Amino acid sequence: MRIALLEDDQDQADLVCTWLRAAGHGCHVYMLGKDLVREAQRETFDLFLLDWEVPGMSGAEVLLWIRANIAEPVPVLFVTARQREEDIVHALSNGADDYMVKPLGKLELLARIDALARRARAGQRPDEGVLDFGRLSVDCRSRQVRLEGQVVTMTQKDYELTVFLLRNVGRLLSRGYIMEAVWGQTADLNTRTVDTHVSRIRGKLQLTPEYGWRLSAVYQHGYRLEQVAVAAAQ
Amino acid sequence: MPDKLIVTVDPQIAALVPRFLANRAADLAKIRAALAGADFATILVAAHGMKGAGGGYGFPEISRLGAQMEEGARQCDAAAIGALVASLEEYLGRIEVKYG
Numbered sequence: 000m001r002i003a004l005l006e007d008d009q010d011q012a013d014l015v016c017t018w019l020r021a022a023g024h025g026c027h028v029y030m031l032g033k034d035l036v037r038e039a040q041r042e043t044f045d046l047f048l049l050d051w052e053v054p055g056m057s058g059a060e061v062l063l064w065i066r067a068n069i070a071e072p073v074p075v076l077f078v079t080a081r082q083r084e085e086d087i088v089h090a091l092s093n094g095a096d097d098y099m100v101k102p103l104g105k106l107e108l109l110a111r112i113d114a115l116a117r118r119a120r121a122g123q124r125p126d127e128g129v130l131d132f133g134r135l136s137v138d139c140r141s142r143q144v145r146l147e148g149q150v151v152t153m154t155q156k157d158y159e160l161t162v163f164l165l166r167n168v169g170r171l172l173s174r175g176y177i178m179e180a181v182w183g184q185t186a187d188l189n190t191r192t193v194d195t196h197v198s199r200i201r202g203k204l205q206l207t208p209e210y211g212w213r214l215s216a217v218y219q220h221g222y223r224l225e226q227v228a229v230a231a232a233q
Numbered sequence: 000m001p002d003k004l005i006v007t008v009d010p011q012i013a014a015l016v017p018r019f020l021a022n023r024a025a026d027l028a029k030i031r032a033a034l035a036g037a038d039f040a041t042i043l044v045a046a047h048g049m050k051g052a053g054g055g056y057g058f059p060e061i062s063r064l065g066a067q068m069e070e071g072a073r074q075c076d077a078a079a080i081g082a083l084v085a086s087l088e089e090y091l092g093r094i095e096v097k098y099g
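Chains A and B, in that order, are what the protein sequence lines are. Residue numbers for the first sequence, in numbering that gives the first Met the number 0: 0 to 233. Residue numbers for the second sequence, in numbering that gives the first Met the number 0: 0 to 99.
If we strip away everything but chain A, and leave its shape as in the complex, we get (with noise of 0.2 Å):
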């Protein structure tokens, strides 16, 4: 997953970050609420991790933020040393999906996160070995993505991409996010290298609005695949 952590104690920031990238998350720390905020709004983020006390906006105020101009329900999990019982239902009433108090453990810490994963799953398409959308499928156990039948040659990465794509229809997914994913968190690419991709899977796969397929590019942010209806796209 890629988590936003907001935490102004860089001793805290260290610690958290550690345990995620070792669980095989990313980890963003922002320090500041207005440094998040104006990162969310380009980038995409699976989760957030923040904490309530921190310099400027607050994490209560984030949280306000996230819930009013998100669109997804991207799972929040406070992570505060406070503990008074009106805090914690605050947060909780204003839409965090979880509250931890600190000093944090390391093992809840990653079992919450897990459990906020499945649930923000629930409702998506199950991790199955095949992807069907009809004319275009992916057999991700033989790595072979077919169009009407036919196997579709591609590079890993376009291979890669495409299964990324498919996973997280109707998303608005940011070329950060999608570099995370596909060619890995210490990538040091041009997001330009994104677009070339993006560019070459359209075209192969066909995924245009006369195939029922949206692949757009959202300015200054990424991208988006949508399934339209046919009728309606011509």
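Certain hints may be false.
[As the list claims (entries may be wrong)] Listed below are the simulated DSBU-like cross-link pairs for lysine-lysine, each with C-alpha atoms no more than 30 Å apart in a straight line:
id	chain 1	residue 1	chain 2	residue 2
1	B	Lys29	A	Lys105
2	B	Lys97	A	Lys105
3	A	Lys105	B	Lys3
4	A	Lys105	A	Lys33
[Said to hold, decoys possible] Here chain B is said to cover these stretches of chain A; the calculated rule only asks that three of the stretch's residues, wherever they fall, bring their Cβ under 8 Å from a Cβ of chain B:
id	stretch
5	12-19
6	96-105
These aren't lab readings, by the way, just hints derived from the structure by calculation. Being a predicted model, the structure only gives us computed values, none of them experimental. Using N, Cα and C, we set each Cβ at its ideal position, and we do this for glycine too.
Given chain A, put chain B in place with the hints provided.
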């Protein structure tokens, strides 16, 4: 000289622990200076950070002392904070970290 106190810490965070402990030693000086100037707001921030991070690093005693210091700062209780700073200094001087 008091006995050493062995604290076993998760090896996954071995690279972070020396700086964490050095920062707590720096907190001692910062809190003492703040105490001399009756600057309880600075003490509150430092104590709050200790409370939040200590247990996660494997030092629950630092969280415990941080929580008490935070409460002392809220109450502007210089005597209590002074005693807690001495306790923290004594604890930091005794601990020996083992990873495992």
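For each hint, the structure was consulted:
1. Lys29/B <-> Lys105/A: Holds, because 29 Å separates the two Cα atoms, which is no more than 30 Å.
2. Lys97/B <-> Lys105/A: 18 Å, holds
3. Lys105/A <-> Lys3/B: 26 Å, holds
4. Lys105/A <-> Lys33/A: This hinted pair holds, its Cα atoms lying about 27 Å apart.
5. 12-19: Three-residue rule met by the stretch 12-19 of chain A, so holds; n is 5.
6. 96-105: holds (count 5)
Figure legend: structure checked against the earlier numbered hints; every hint is met.
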